[in-house]
Every structure is written in C-alpha cells, then in structure tokens.
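If you're matching positions, the sequence shown starts at 1 in my numbering and goes up one per residue.
You may find that some hints are simply not true.
[Unchecked claim] Beta-carbon label-pair distances, calculated as ranges: (1) P43 with A78: 17 to 23 angstroms; (2) G101 with T26: 17 to 23 angstroms; (3) R105 with L74: 36 to 42 angstroms; (4) V66 with A108: 15 to 21 angstroms; (5) A2 with D59: 28 to 34 angstroms; (6) T5 with H36: 19 to 25 angstroms.
Just so you know, the hints here were simulated from the structure itself, not pulled from any lab data. Please read all numbers here as calculations on a predicted model, not as lab measurements. Backbone N, C-alpha and C fix where the C-beta goes; we use that ideal spot for every residue, glycine too.
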Amino acid sequence: MAIDTLLRQLAHELGLSELSLDHTNTCAIGLPDDLHIDLHHEPQAGVLCLAADLLQLQDDTRAQVVPALLRANLDLGALGGAWFARRERTVSLCRSLPVDGLDIRTLAEALAGLVTQCRRWRAHLAASAGAL
1 MAIDTLLRQL
11 AHELGLSELS
21 LDHTNTCAIG
31 LPDDLHIDLH
41 HEPQAGVLCL
51 AADLLQLQDD
61 TRAQVVPALL
71 RANLDLGALG
81 GAWFARRERT
91 VSLCRSLPVD
101 GLDIRTLAEA
111 LAGLVTQCRR
121 WRAHLAASAG
131 AL
C-alpha cells in the first residue's frame, strides 16, 4: 500500500483531518499529554520510522538513566520492537516498519505500542531517577 494512502487511513483512524508527508518525508502527531510522534518515510530503505522524544538527559541523572536505557535496548521484545536512541541530550524511542506489505492495522498497532512504551518509560524514569 502506498505511504500516502496509509497516512490518510491513519489520520481517519485517529480522527485527524489530515496527515501527510512534508518535503522532508516527515509528518508528526501531537498527543494531549505532551507526547509528539514523528513519522519519517525513508523511501530508499523502504521503511517508515516512528520516533518520540522521551526526555532530556540532565547531568545529575544521566548516570542512572543511560544504563537503564541501554539494558532495555538489549531486549527489543520488551520494548515492542522499539529501541532507544540519543541525540545529544535528547532520548527518543524509535521503531521502524517495512513499508512493503504494511497495512493500516499494523501501522496503528505499532503507533499505539510506541505511545504505550513512551508513557510507561516516562513514568518509570520519573519514579526511579527523577529524570523528568
């Protein structure tokens, strides 16, 4: 299924008026609890990447937070196929899906799973390290 068609179907599922890629092959979904999901299509690789910024690392909590995230990356099943990535101080939770054969049910489930994992990890890190 074409990525544009999938995004239109996803917008409909989420009750959005529109969801389409910009000139960088990216679009975003904002959720009420300050969670922001970026969707980026990599046509050459044939994948759709989902990414949500989870937290900003602080100097005083980095030593507690980073090892927990690295351990979690070793068990992708526990993260629902997602993984943690880091850009300077920003920690994101990411997931990529092959576009070939991707359907709306699989995309919606992957998005819901990523949102669930983000909320779970935000709560876990806030409780254990005071990171947020």
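Quick rundown of the hints versus the structure:
As the Cβ distance of P43 to A78 is approximately 30 angstroms, the hint placing it in 17 to 23 angstroms is violated. Against the hinted window of 17 to 23 angstroms, the Cβ-Cβ separation of G101 and T26 comes to about 22 angstroms, which satisfies the hint. A beta carbon spacing of about 29 angstroms between R105 and L74 contradicts the range 36 to 42 angstroms that was offered as a hint. Remark: the range hint 15 to 21 angstroms for V66 to A108 is contradicted by a beta-carbon distance near 31 angstroms.
Checked against the hint of 28 to 34 angstroms, the pair A2 and D59 fails, with Cβ atoms roughly 45 angstroms apart. Hint check: T5 to H36, Cβ distance near 24 angstroms, so the stated range 19 to 25 angstroms holds.
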